[in-house]
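Asker: Protein chains in written order, with our numbering: chain A, 55 to 207; chain B, 27 to 127.
If you're looking for bench data, these hints aren't it; they were derived computationally from the structure. Please note: incorrect hints may appear among the correct ones.
Which stretches of chain B does chain A cover? Using the computed rule of at least three CB atoms under 8 Å from a CB of chain A, they are [said to hold, decoys possible]: (1) 75-85; (2) 100-107.
Beyond 10 Å from chain A on every Cβ pair, some chain B residues (computed) [unchecked claim]: (3) Gly59; (4) Val115; (5) Thr125.
Each residue gets a CB set at the ideal place from its N, CA and C atoms; glycine is no exception.
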Amino acid sequence: MYTNSIFTSIDASASGLTAQRLRMDLIAGNIANVDTTRTPEGGPFKRQLAVFASKTDLTMRKFPFMPMKIKTEMQHPGDGVKVLEVMKDPSAPRLRYEPGHPDANNEGYVAYPNVDVVKEMVDMISASRAYEANITSINSAKNMALKAMSIGK
Amino acid sequence: MDIDFTQSVGPIRPSSPHVFETDKVQIGDQNFGEMLKSAIEKVNNLQVESNNQMYKMALGEVQDIHEVMIAMEKASISMQLTMEIRNKVIEGFNSLMKTAM
């Protein structure tokens, strides 16, 4: 059963905040490792991406053979977002000619991470704006609740 | 035609015997007192949660600042609602007390 509390939207926005903060962490890690050529799994660092899914989608995944009618009934507005996984960008590493580098291959090229700082900066702006949007949404929900309390005053 | 004024006024009496029995006023399975108690309990839980988050924040155990802030906001909103309800109840009580006898 769908229960609507004044905290439903706040909880959804809170999950958005957590998700965007994780995205921010990944971007920070990507920028920090822009020149990392050594990782435990070998090879250069790989750009990390967060995959987000709605919380409803996750419950659907648990029961894939459910009839569509029940699935649509199960969809709750304001369920929030969850980080499904942190995946690695499969694109090719940047090759730079540096024969003196200890990680250079036989032809003198060093494989650098597939991190593009400009792209990361754009993603960072996007993440911080999305974070702000979630905070605005929380404040808005709070103001709605406070306005409701001023009924009859 | 004779009109009996004493008949038409009559004593003030509750229309049904249940009206003044507050114990019988039930919402679902619980009575009013129980409902109030559980509501206050919920508000208290939010306050406790907010306090716990603040302690954790001070100890450096919290990873997300926004979780602390949201816990505090929730506690504040529910507390304000409780205060509004209390004000309404006291207002009603005061207007009853002011009734001219």
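Asker: Now, for every hint given, state plainly whether the structure supports it.
Answerer: How the hints compare with the structure:
1. Given a C-beta distance limit of less than 8 Å, the hint that chain A covers the segment 75-85 of chain B is violated, as 0 residues qualify and 3 are needed.
2. Here's how the segment 100-107 of chain B fares: 4 of its residues keep a CB closer than 8 Å to some CB of chain A, so the rule of at least three is met and the hint holds.
3. At the 10 Å boundary, the C-beta of glycine 59 of chain B stays outside the reach of chain A, the nearest C-beta of that chain being 23 Å off.
4. For valine 115 of chain B, the shortest C-beta to C-beta distance to chain A comes to about 14 Å, beyond the 10 Å cut-off, and the non-interface label holds.
5. Even its closest Cβ contact with chain A, about 21 Å, leaves threonine 125 of chain B beyond 10 Å, as expected for a residue assigned away from the interface.
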